[in-house]
Structures are given as C-alpha cells and as structure tokens.
Amino acid sequence: MLHLILFSVFAVIAVAGALNLLIQRHPISSALSLIVVMGSLAVEYLLLGAEFVAAIQVIIYAGAIMVLFVFVIMLLNAGVEERTKGSKVALILGFPAMLAIGLLLAWVLVRAPNVGSVNIGAMYGPPKAIGWLLFHDFLLPFEVTSVLVLIAIMGAVVLASPVRSRFSKPQPEAESRQAFKVAAARDAAHEETISARRSS
Amino acid sequence: MVPLHYYLVLSAILFACGITGFLIKRNIITIFMSIELMLNAVNLSFVAFAARWHVLSGQVFVFFVMVVAAAESAVGLAIIIAVYRTRETLNVDQANLLKL
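Going down the list, the sequences are from chains A and B. 200 is the number that my numbering gives the last residue of the first sequence; the numbers go up by one with no jumps. 1100 is the number that my numbering gives the last residue of the second sequence; the numbers go up by one with no jumps.
These are computed hints drawn from the structure, not numbers from a lab. Heads up, a few of these hints could be off.
What the hints assert, rightly or not - Pulled a few chain A residues facing chain B out of the computed Cβ check, cut under 8 Å:
#1 Val-53
#2 Ala-55
#3 Ile-101
#4 Met-123
#5 Gly-125
Said to hold, decoys possible - Chain B regions said to be covered by chain A (calculated; three or more residues, Cβ under 8 Å):
#6 1003-1016
#7 1026-1032
#8 1038-1045
#9 1061-1074
Beta carbons are placed, not taken as given, at the ideal position from N, Cα and C, and that holds for glycine.
Only chain A is shown next, with the shape it has when bound in the complex (with noise of 0.2 Å):
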C-alpha cells in the first residue's frame, strides 16, 4: 500500500512536469520542469530498489546534461518562444497526436497478459554486482561507449569553436596592398641594416 501511494505521488508529480514542459513557453521553465521530472524519477528508481540507477540519474542527468541545457539557454539568451504558423499546425495535430499514441501504448500494456507486480525495493542491485556486470559481460560496449564520449567531446569542441576564416570579414584589396607596401619597405630596411653592419 506505501508502494503504491508513494508510486502514485511520484508518477503524478512526473506527469505534471511533463505537461508542464509542454506548457511554458520559456526555454528555463521548461528546463526546470524537466529537472522535476527527472527527480521524480529518480525516486521512482529508489522504490524499485535500484539505488545506482537513481544516483546517476540524479547526478548525470539532472546534475549535468540539464546543467549543460541551462549553460546553453543563458549563452544564447534564448527568449520565449516565437509563435508562427508552423506552431499553429503543430498545436492542431500535436495534441490528437500525442492521445493517440498514449492511448494505444496505455490500451497495448493493459492488454497484454498478466506480466505481475514488484515490491518496494523489489531489485537488490548494489555498484558492486552492476560494475562486475559492467566489466565481465558488457565489456566490449562499455570501451565502445567511452570511444563515443571522446568523439562527442571532439565534435563539441570542433563544432562550438569559432571559425575565423568564415566569420571574419575579408581585407579590403587595397589595405592590404598597403599593409604589403608597408612590410616590403620594412624588409628592405632591415636588410639595409644588416648589410651596414656586416660592411662595418
């Protein structure tokens, strides 16, 4: 019965927040929504027993990739949405679409025979038995998965960087004539010199 209120809490808190994102016309509310819905469902995960899976989510996902979104959102100084007939659209068949597809999924679990239930903290699941898992049976996957993690980095730093080639404006022809004449003479003046003082 605790199972079950506390799931119901939970569940209703992570809905709203969804709803809620969909909601706020401004990119921070609906970051902060999404940060409601990731806490929830951390501690949904705790009520299934599944402590490491609750304390990355906790930390990954609401500490860093939502930390990155806000990052981003203020660099940009992103404002609130615009509205356009493109979001008219969208708003007309989002929302039957949206019912639709939670609809059919709802009516396909319901239907399907009967799968059981879990008990509170159902899943005893602790770091030490995930990280051998992680290290004997999922090895390969898990050296593939850092490869990725270097080349997303790669790609961020080569993707954000600024190109100067193609932001910069082009010289205009006749500065940089000038700029030449100006190094040519200088040049020509330094060799003077060094000529003099060799003679000398």
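The hints should help you fit chain B onto chain A, whose structure is shown.
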C-alpha cells in the same frame, strides 16, 4: 505491491509527452529537452522490467542509454550554438535553407 502495468503506463505517458513536445515546440532547445524526456521514459521501463525479473542487465542498459544521451546532448548543443551563430535564431521554422 504495484502492478508492472502501472510503471509501463507511466513510461508510455511520459514518452507521449516527449513526442508531443517534439512535434509542437518551435524552440530548438525545447525540442532537445523533449528528446531527453523520451529517453527518460524508456529508462523507466528498463528499470521496471529489470526489477520485475531480477535481472541486473536492465540497469546496465540504463547506464548505456545515459552515456549516449550525454554524448548526444553535448554534440547537439554544440550544433545549436553553431546554428545560432549563422542564422541568429533558435526557431526551427526559420532554419529552412533546404526548402524550395
């Protein structure tokens, strides 16, 4: 005792919310957040199945999904910054260079 259905239906509702956000939002950052919401919904059903059948592999899969989500958000947000630099907008309707 909570039936496994409840967890799966909650996961389906969150996934549907994510799809809707992907469809109705015009801000590219919010669209990205909807993708994260869908990934979270899938993670919930992974953990629920893992708890039902006492298999730890489900939690390892959640770990992999999180790694992929982190990589995806890092690259995606870098792409958003690059798009904003060239197009000066975050609206997906205005990024229409490929349209006829």
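Verification of the supplied hints:
1. Val-53: Hint on A:Val-53: holds, closest Cβ of chain B at ~5 Å, below 8 Å.
2. Ala-55: Violated, about 11 Å.
3. Ile-101: holds, 5 Å
4. Met-123: Holds, because the Cβ-Cβ distance from A:Met-123 to chain B comes to roughly 4 Å (cut-off 8 Å).
5. Gly-125: holds, 5 Å
6. 1003-1016: Coverage by chain A holds here, the residue count being 13 at a Cβ distance below 8 Å.
7. 1026-1032: holds (count 5)
8. 1038-1045: That given contact holds, which follows from 3 residues of the stretch 1038-1045 of chain B lying within Cβ reach (below 8 Å) of chain A.
9. 1061-1074: With 12 residues close enough to chain A, the hint holds.
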